[in-house]
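Participant: Chains A, B, C and D supply the protein sequences, listed in that same order.
Sequential numbering from 1 applies to the first sequence in the numbering used here.
Sequential numbering from 1 applies to the second sequence in the numbering used here.
Sequential numbering from 1 applies to the third sequence in the numbering used here.
Sequential numbering from 1 applies to the fourth sequence in the numbering used here.
What the hints contain is simulated information worked out from the structure, not anything from laboratory work.
There may be inaccurate statements among the hints.
[Claimed, not checked] Sample of chain A residues at the chain C side, in silico, Cβ under 8 Å:
1) 25
2) 32
3) 43
4) 74
5) 101
6) 115
7) 116
8) 227
9) 237
10) 239
11) 241
12) 274
13) 275
[Said to hold, decoys possible] If you want a taste of the chain B side facing chain D, the calculated C-beta under 10 Å gives, among others:
14) 12
15) 104
16) 113
17) 261
18) 390
19) 398
20) 511
[Said to hold, decoys possible] Simulated restraints on C-beta separations:
21) 180/C <-> 247/B: 50 to 58 Å
22) 38/A <-> 402/B: 15 to 23 Å
23) 438/B <-> 144/D: 48 to 56 Å
All values derive from a computational prediction rather than experimental measurement.
Each residue gets a CB set at the ideal place from its N, CA and C atoms; glycine is no exception.
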Amino acid sequence: MIDDDRISAEAQDSPKQEGAGRAVRRGVIALGGGAALFVLVSMAFDLGWLRDRGEPVKNREAPQAMHTFFPPGEQAIPDGPAGDAIKRGQAIFMNTRMNAKDFVGNHLSCSNCHLDGGRKADSAPMWAAWVSYPAYRKKNKQINTMEDRIKGCFTYSMNAQNSPTGGAPPAGHDVYKDLQTYMHWLATGAPTGKKMLGAGYPELDKPAGGYDPARGKLVYDAKCAVCHGSDGQGQRDLNGRLVFPPLWGPDSYNWGAGMARVNTAAGFIKANMPLGQGNSLTDQQAWDAAAFIDSQERPRDPRQKGSIADNAKANHGGDSYYGKVVGGRQLGAGTK
Amino acid sequence: MSLTIGLLLALSFVVSLLALAFLIWAINNNQLRIEQRHAYTIFTEGEAGQVDDPTAEREDDHHFDIERAGIDRVSRLPVLILVASGIGWLVLGSLFGLVASLKLHWPDWLDAQAALTFGRVRTLHLNMVIYGWASMTGIAVALWVTPRIFHTPLRLPRLPLIGAALWNMALLAGAIAIANGWTDGEEWLEIPWQVDIGLATAGVFFVVPIIVTAARREVHHIYVTGWYYLAGLCWFPVLFVIANIPYIHSGVQEATVNWWFAHNVLGLWLTPLGVGTAYYFIPKIIGKPIYSYSLSLLGFWGLALFYSQVGIHHLIGGPVPTWVVTLSIVHSMMMFIPVLAVAVNQHVLVARNLWALRESIPLRFVALGALLYTLASFQGSIEALRTVNSVTHFTHYTVGHAHLGAYGFLTLVLFGAVYYLVPRSTGRQWPWPAAMAAHFWLVVVGFLVYFAALTIGGVLQGLAMLDATRPFAESVRVTMPYLQARSVGGSLMALGHLLFAVHFVVAVLQRPAPHPGATVLSKPAVAA
Amino acid sequence: MKTQLSGPPSPSETFEPYETMRPIPLGVLMIAVALALWGVVLLFDNSEAVAIGQAERADVLADQPARSDADGASLFSARCATCHQPNGSGVSGAVPPLAGSPFLAGRAEVPIAILLRGIDGPIRVRDTVYDGHMPSFASVLSDEEIARLVSYLRERFADRPAPVAAEMVTALRGELAGGSGWKGGQELAARLAPELAPQPSFALASRAEADPATMRLVNEGTNGSWACASCHGALGQGSETVPRLAGLPAGYIARQLESYLNGSRRNESMAVVARSLTRQERVALGDYYALLRAPSNARPSLGGDIARGERLVLEGVWDRGIPPCVSCHGPSAFGVAPGFPGLAAQHPAYTASQLAAWVSGERDNAQQKLMNGIARSLDDADRRAVADYLATLPPVPVAATKERADDRR
Amino acid sequence: MNRILPLGVIALGILAFATLMLVIGPAIQIKSMAPTPGLANYSAQELRGREQYVAQGCVYCHSQQPRSADQAPDAERGWGRAAVASDYVYDRPHQLGTMRTGPDLFNVGTRLPSRDWHLTHLYQPRAIFAWSIMPGYPYLFERKSRAGPGDVVVSLPAEHRPAEGVIVAKPAALDLVAYLQGLDHTNPAPARAVRDDGYSERGEPR
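Same shape as in the complex, but just chain A:
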């Protein structure tokens, strides 16, 4: 072998050299093959073979509030008379003062408190409300049908006493039919009689140190005034259309409304305010802001027959400023 080395030194290598050569050959091919494989996979990706092209990149983020029910979307409204009723109901819901003007005594709409057209969880969504009635209500100590419940909204939240007709729509009025058709449609597929996640407004534990309108004013000025105005009267666009609803005063809900109770308002605020930043306030901030807002004067409670104090005793237990003295004035007298 070694003697031959001189002759074939050029073509013949030692086993060690052979081994090195083989290793490099394999290495180069493996490297090339690996790179080629990368090319192929990347191309497969380009061509969409490795991902589902049908599904748009949505829902990347988990829904803000985890709730089990998703109401149908706008485009699912059926055609025909039922669909027309749903659309009328929706129009009333979104623009109550305009489309049920005979029965609205302030500048609010249903959708001011029931966000996303009554869809949003934790803002008393209609799909959850629909399956909760008829039900017994402590407020009027009787079984309420859905119509009764809506009537309550008109009476208090929409301050119907100040409307052209001076009251909520009479029983069986088309306003009820249309609104209920809309709500029924929103609840398509919702389980009846079952407590649904996201129903109503969340109930916030009262903070240990209670709540304080003075602190609430600070919260309000920092977090709420930019939209609702430092005077709480909301804001309008250049045509005078209401964009941000008034929170107190003659154009807001009256003393009988659920939102006039601090605990209800605190739950709503905590979950939904500032708009788009739900759950960003602390519980304490939510309670304080609610206390500030609900310790302002607003239209009188239509249930008041005698004195404010009597009515306060009969109808305003718990977390309400009705009848209390704030800033030297007894609240509940109502606005002009």
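Given the coordinates of chain A, assemble chains B, C and D onto it according to the supplied hints.
Facilitator: Relative to chain A, chains B, C and D alone:
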């Protein structure tokens, strides 16, 4: 219409593939024999490496005393003149490159002169190193190697002298034009076409002697280096002339011509020069044959078939027809095949003889250059993928890649070739072997820093630009440290070039040694 | 004995390189075959991509205002119903009704003229006076579209079934070109329809030209910075990433200039401008631009999905924490002064870049960071969709009323 | 292989084929396209400015080819819609560019319409953008003790103003700015326009 084009295109690609398949079939069936008398060579599969080529036993088939034939003496003057010019342009070009690099992080430096604005300095750098250093030195090496592999002295040895003078003058004129803002305005084609006529004419003086020498060769078989050189010398003049004809195209057609040319300068001119050179010097210095003739064939024809159509991958996502872009992307990927073939052929030989790297600095340059060719080509193919290109396009990453090819590969190979040929051509030894090693480490470390900085910086820059929520300023800010690092690397490289140039001048001016040395190695090998 | 060479064989100077005969390694062939197959697939796939690209461009073309072939009913619901309500009842105290409006029942030229120019002043409809601010649709609806729309409105709300010809719109457009909004019903009645009189008189605070110093800032620039108009245009209409300023709330504009100064909104060019201005100048510029009325030159240009944009703007995506834009920026995206700028007719590249800037923190001057979270919830396609949709809306009409001019407080 | 002629012929044949595919094919297709509707040829001043753009080597840092929204957020940055081949019919030499060391300029005229802004920026980019690495072009301007009639004075923040006198734009600077101001390719592209649509299918379905 698009469907028809797509179909046509797929068909034309199939034609390329059929050509490739035919080639592979022909190789495997010994249709492309080295010589007529090998037609009966029985080639047993699975016995790779074991087969004794009948020629291997006939010693004088693969040995030829060039010195005795006086071949180097004939080519000496043109080779030296061209190498000297090349090195001159290299030093000048790297200084301009360094200035351009520094300007990217010292933007207010040297801003008072129009000739020294970034847009011109950078352009001067490119034209000097490509048309000055790489082309002239590449031609010098080709002029030196071609007669050697053909066992016959260079014919018409005076023509390259005229060519070199003309080329230098034209390039100088082009550089002055660019410095003064007179440019054709397209990348790689900045030299005004009027000046290009001089370059094209000079090219004739280089091409003719080599082709005549090849025609008068004393060997029957053309060694693989010869294929690359001859093909490159056919391709480049055609490319250069077509791309520089003025007033034919405008707008986007012009852009496709531009990148067809610019990439083919790399693929069909600089790459053949570099690969051919590596194919000669690696086995020559090691003294062992190349791994496989079949792979040589595959590598060469694969390069011709596929490299010629990759240019439009510089316009991915741009205003050019989809089918041209896709065609270029596909061909970029197909480049894996010839690159693998060349890689196996060259790296296996080096890997089997690692001892030679210790012994020979020229081999170190050439072998590292060949390795970087493989990497640059793989990188280039992958860069052409749409997904990758979205990130790397328009960024410094591309600059890093271009330097991996033109510097890491070609320039290192040329350094090695120059180190090898100067003693044999002039009879003068390199006076300072340590300077060669210093040069090697300066440029290798410098280039490593350079390449790593631009690659990382480029990717970060590209990712910033793809994210709408990050302002454009961030794509600038994020690259700053990497641009500074690039200047550091570039300085090391430029320093190495200066050292190289000084060493070359000293070597050439010194008194000739009696004999360039009995061995191909820079210092006599000591056998145990 | 010496099974391996401890040193290299010394190569001979006379050695000539050559290749040995070895086959192509199988691995190389396999890679070649794989790549070849994929190349063919990719090339075939090419034609599909071209078809999609063409469809995308066709969609963008179709999204250009004044290019749609929508019928009158869909134009009404897309363009009118947000203010005048789907049943045409209007909004009490704010938007006059269409149903039974004498402005529709009379000559067809009257509604056409209103659509072309918009209204800026008091108008009496069915015995109620409205302080009307209606945008001009001249820049977003074609003559054909206005003809179809007016025909529909007259048939539905005024029982006038005779269709209106596009030529009438063309003629009127030429006649009324360049005018600002009708100064209330008075000017309209005087010019086109005496039978609509009496109309309330236009007695608003006179729209005095801004003072010469402010006009110099706008048109010539000063103190080392550039003229506002040189980028934002002579009418404050802007282009691409240069925002439309005409009709933005005065207080909003002044606040942005302050933000450039204090760094809560980053824009290097505007920072140079803001540094060259005094506080009074910033306020004066806000006042000036708030009262400018300019046609829209914004066009959908980002390839966004207009329908998706419309959904985001009008309905939001509450599950992702995105309230509808209009819930704060007003029902027609006209803005709510001074805090909430109008978005209508804003340039899509500007809108999208701002939504991106909220995410990056380049812009962090939103009141209570209201925009930060919303912007983070929008992805790339959302931004383009919203921005492109807003560009199709008619421009904010100017309200030259006292409150509006004073809204900076 | 042992013959030169076939080697040369096949090598050149392959190159001819590549030229057919990469040069002649696209040229035939692109030349058949009419200019994008609304695209105007350059004015004489804009052409002079374009020569400056070429001579200064702006193309080495600035592209003029916005990518499609399916690939990159160029449009959101205000760089304009995806460029198509018919946007370039008047461009000679082409200045598509392959670097974005600076932003794309294909629509810089609509994105940055102010002449005076451009003059400031060309004179000293860092007068506006502290982070900018663009070179200044002081040689396109001159310092005068006072502006003569018709001179365009460059607005400069105090820290960049000369100690005395004013900086005045030379005609070359005004031409270059006129070219930049004229760069506007915002008109919608025809559906059948030619560009690389290879990324279009990765976009989300509209």
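Participant: Next, verify each hint and record whether it holds.
Facilitator: Hint-by-hint comparison with the structure:
no.: 1; hint: 25; result: holds (6 Å)
no.: 2; hint: 32; result: holds (6 Å)
no.: 3; hint: 43; result: holds (6 Å)
no.: 4; hint: 74; result: holds (7 Å)
no.: 5; hint: 101; result: holds (7 Å)
no.: 6; hint: 115; result: holds (7 Å)
no.: 7; hint: 116; result: holds (4 Å)
no.: 8; hint: 227; result: holds (7 Å)
no.: 9; hint: 237; result: holds (4 Å)
no.: 10; hint: 239; result: holds (5 Å)
no.: 11; hint: 241; result: holds (5 Å)
no.: 12; hint: 274; result: holds (6 Å)
no.: 13; hint: 275; result: holds (5 Å)
no.: 14; hint: 12; result: holds (7 Å)
no.: 15; hint: 104; result: holds (6 Å)
no.: 16; hint: 113; result: holds (7 Å)
no.: 17; hint: 261; result: holds (9 Å)
no.: 18; hint: 390; result: holds (6 Å)
no.: 19; hint: 398; result: holds (7 Å)
no.: 20; hint: 511; result: violated (41 Å)
no.: 21; hint: 180/C <-> 247/B: 50 to 58 Å; result: holds (52 Å)
no.: 22; hint: 38/A <-> 402/B: 15 to 23 Å; result: holds (21 Å)
no.: 23; hint: 438/B <-> 144/D: 48 to 56 Å; result: holds (53 Å)
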